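Novice: Please model the entire structure based on the sequences and the hints provided.
Protein chains: 2
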Amino acid sequence: MSEQATMAAACPIPISQYPQVMLAHGGGGKLMHQLIEQMFVPAFRNPLLASRHDGAVFRVAEGKMAFTTDSYVVKPLFFPGGDIGSLAVNGTVNDLAMCGARPLYLSAGFILEEGFEMETLWRIVNSMKNAASDAGVLLATGDTKVVDKGKGDGIFINTAGVGVIADGVEIGPERVSPGDAVILSGDLGRHGIAIMAAREGLEFETTLESDCAPLADLVLKLIDEGIRVNCLRDLTRGGLASALIEIAEASDHGIRISEREIKVKEDVRGACEILGFDPMYLANEGRFVAFVDKRDADRALELIRSDPAGEGASIIGNVASDANARVVMESRIGADRIVDMFSGEQLPRIC
Amino acid sequence: MSEQATMAAACPIPISQYPQVMLAHGGGGKLMHQLIEQMFVPAFRNPLLASRHDGAVFRVAEGKMAFTTDSYVVKPLFFPGGDIGSLAVNGTVNDLAMCGARPLYLSAGFILEEGFEMETLWRIVNSMKNAASDAGVLLATGDTKVVDKGKGDGIFINTAGVGVIADGVEIGPERVSPGDAVILSGDLGRHGIAIMAAREGLEFETTLESDCAPLADLVLKLIDEGIRVNCLRDLTRGGLASALIEIAEASDHGIRISEREIKVKEDVRGACEILGFDPMYLANEGRFVAFVDKRDADRALELIRSDPAGEGASIIGNVASDANARVVMESRIGADRIVDMFSGEQLPRIC
Chain A
2 MSEQATMAAA
12 CPIPISQYPQ
22 VMLAHGGGGK
32 LMHQLIEQMF
42 VPAFRNPLLA
52 SRHDGAVFRV
62 AEGKMAFTTD
72 SYVVKPLFFP
82 GGDIGSLAVN
92 GTVNDLAMCG
102 ARPLYLSAGF
112 ILEEGFEMET
122 LWRIVNSMKN
132 AASDAGVLLA
142 TGDTKVVDKG
152 KGDGIFINTA
162 GVGVIADGVE
172 IGPERVSPGD
182 AVILSGDLGR
192 HGIAIMAARE
202 GLEFETTLES
212 DCAPLADLVL
222 KLIDEGIRVN
232 CLRDLTRGGL
242 ASALIEIAEA
252 SDHGIRISER
262 EIKVKEDVRG
272 ACEILGFDPM
282 YLANEGRFVA
292 FVDKRDADRA
302 LELIRSDPAG
312 EGASIIGNVA
322 SDANARVVME
332 SRIGADRIVD
342 MFSGEQLPRI
352 C
Chain B
2 MSEQATMAAA
12 CPIPISQYPQ
22 VMLAHGGGGK
32 LMHQLIEQMF
42 VPAFRNPLLA
52 SRHDGAVFRV
62 AEGKMAFTTD
72 SYVVKPLFFP
82 GGDIGSLAVN
92 GTVNDLAMCG
102 ARPLYLSAGF
112 ILEEGFEMET
122 LWRIVNSMKN
132 AASDAGVLLA
142 TGDTKVVDKG
152 KGDGIFINTA
162 GVGVIADGVE
172 IGPERVSPGD
182 AVILSGDLGR
192 HGIAIMAARE
202 GLEFETTLES
212 DCAPLADLVL
222 KLIDEGIRVN
232 CLRDLTRGGL
242 ASALIEIAEA
252 SDHGIRISER
262 EIKVKEDVRG
272 ACEILGFDPM
282 YLANEGRFVA
292 FVDKRDADRA
302 LELIRSDPAG
312 EGASIIGNVA
322 SDANARVVME
332 SRIGADRIVD
342 MFSGEQLPRI
352 C
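Protein chains in written order, with the numbering used here: chain A, 2 to 352; chain B, 2 to 352.
It cannot be assumed that every hint is accurate.
The list cannot tell twin chains apart, which means a pair is met if one copy fits it or any two copies do.
[Claimed, not checked] Each computed DSS-like pair below joins lysine-lysine, with the alpha-carbon atoms no more than 25 Å apart: (1) K152 - K222; (2) K31 - K76; (3) K152 - K76; (4) K266 - K65; (5) K150 - K76; (6) K266 - K150; (7) K264 - K150; (8) K150 - K222; (9) K150 - K295; (10) K152 - K266; (11) K266 - K76; (12) K222 - K65.
Don't read these hints as lab results, they were simulated from the structure.
Every value quoted in this text rests on a predicted model; they were computed, and no experiment measured them.
Specialist: Laid out in structure tokens, this is it:
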């Protein structure tokens with residue numbers, strides 16, 4: 002994907018004339034018109050955008066839909082394995098997937114800082130275009146605002162998404178039941194550490210890349226194969242720990258996990274030790290937990306592992322039958338500890 | 002509404018402990034959890050938010066839907082007639098209405114700057130709650146990010162919205178035909194001048210308030226009464242001029258309007274003369290143009306005028322039958338001039 006982005010056509014806005022974003026690019030006049038008509042509409046080419054309407058209009062069948070939003074303020078904008086553009090597409094696609102939905106349409110709201118490089122905007126737009134194409138979603142509607150220099154940070158992107166949920170699919174914390182297997186889709190913490198490394202100029206012996214990836218295909222495969230998936234959650238801010246605690250609280254069931262089953266790459270573990278981070282709380286952008294009926298656990302694990310986004314999956318625990326809605330982790334040396342939400346700020350602006 | 006907002010309950014986050022937003026309020030840990038559980042979920046109380054899912058899940062009937070987004074970066078945050086919260090709700094509700102849709106659900110993405118006053122956030126959340134209730138929409142899903150001090154400007158809000166379009170309703174620039182009447186829903190420029198006045202400390206003899214208002218009820222009334230509405234557009238950034246030019250270009254039809262029929266309040270006209278603005282380009286947040294089949298024009302005008310949001314409506318012109326997709330305005334002294342998009346930046350950050 003990054004190669005495609007590099008090989009993309011030259012920036013369609015004349016850089017010699019407009020090397021940087023100006024306030025007028027968000028002002029509703031000629032320059033905003035030019036930005037929309039010459040950059041956004043051709044990049045995201047589709048009939049919905051082409052209608053030049055105040056919103057996208059499309060038909061849906063009778064049934065359930067999912068609707069979600071996230072803003073992206075990641076710093077730096079480009080990092081090993083992704084950038085703010087691919088993150089803004091995959092993050093929202095994944096939130097839809099976690100509802101069991103097939104993602105259909107995304108909106109994109111850009112908040113640009115006056116003086117932001119036009120060429121950089123073009124790189125990001127190309128990355129969004131490629132990520133949307135990979136995830137099978139259309140960027141259907143958008144908005145651009147420009148704030149004065151010093152009142153933003155280059156670019157913030159909000160995406161919202163809508164998707165459809167197949168009949169009979171019921172996914173949510175309230176469906177979680179004692180005995181459910183908890184499957185983790187891969188190793189933890191790569192996104193958080195990749196961002197941190199890019200921000201602080203840290204170097205590793207191997208190339209440490211973000212796990213940023215769209216998860217919808219993998220989730221839909223589970224559903225299509227008839228796996229009884231009760232709850233799904235992607236492991237972004239707050240990491241695995243926060244996701245499990247939220248599900249325990251919302252479902253009112255305890256969760257038991259085993260530290261031994263949780264994979265963390267050597268590089269990530271080393272960085273965590275040096276920097277004082279705990280991989281349990283690190284953000285990921287291509288990892289999720291699935292709560293699956295225990296009778297389907299092995300088949301679900303096999304299906305997840307057969308997908309590139311889930312190669313490193315493992316069953317890390319199960320839903321307990323006791324009444325305490327707590328997350329308890331058995332450590333490598335066999336001791337139990339209660340997993341708590343962290344209080345401070347582990348790593349700001351990772352998404 | 003403003004009175005209700007003033008009378009709202011005290012801020013649910015203990016101000017003595019957290020007088021300002023901290024980076025950790027966006028970090029996925031305890032403080033973010035507290036903000037969501039104690040402020041956002043109770044304020045916007047509804048079953049979709051209560052499910053604590055990654056997205057909102059709802060049922061829809063077979064048919065057409067509209068999907069739209071806008072980010073709000075208005076400065077100052079509070080102005081006569083509204084604030085960033087009411088604007089963020091009404092602006093997106095109005096974009097849905099302009100598609101002929103009944104607004105159902107909004108998402109809200111907050112980008113907060115570290116150090117932003119918690120009490121101010123609470124005022125804004127209350128304003129959004131009241132505006133959503135007035136417009137009959139649910140705030141169904143949301144996201145909060147916090148950026149470091151100096152990298153934002155207090156608060157930016159993105160809202161996206163979804164709505165349903167009744168069977169048989171076909172609204173869009175491609176439907177515009179020669180002879181269509183162009184109805185303007187009221188006087189121009191109040192929002193832009195109210196923002197400018199609040200920003201620069203200008204005073205007027207009368208209280209000049211923004212026209213910020215939800216337009217969905219009025220639009221749906223036209224549709225329900227069987228008015229043949231071909232196109233709708235609200236007059237935000239770029240004002241009436243840009244809206245008409247965009248529709249002329251997208252429909253490939255010329256538009257003729259008469260300056261005499263375009264109402265501008267004395268205060269607004271005076272401010273424009275002093276500040277060098279043209280009301281044709283000023284932003285409005287509660288005004289729209291309707292392109293209506295000429296046989297329905299009088300009835301449409303009457304219906305619009307019967308609504309508080311359309312009291313000052315008038316027929317300002319019609320779609321020309323010549324082949325030039327230009328907007329031509331007959332001035333007060335009877336001379337024709339071509340209305341062009343403006344090139345520069347008339348008034349930044351008005352929405």
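Novice: Hints numbered earlier in the text: which of these fail when held up against the supplied structure?
Specialist: 1, 4, 6, 7, 8, 9, 10
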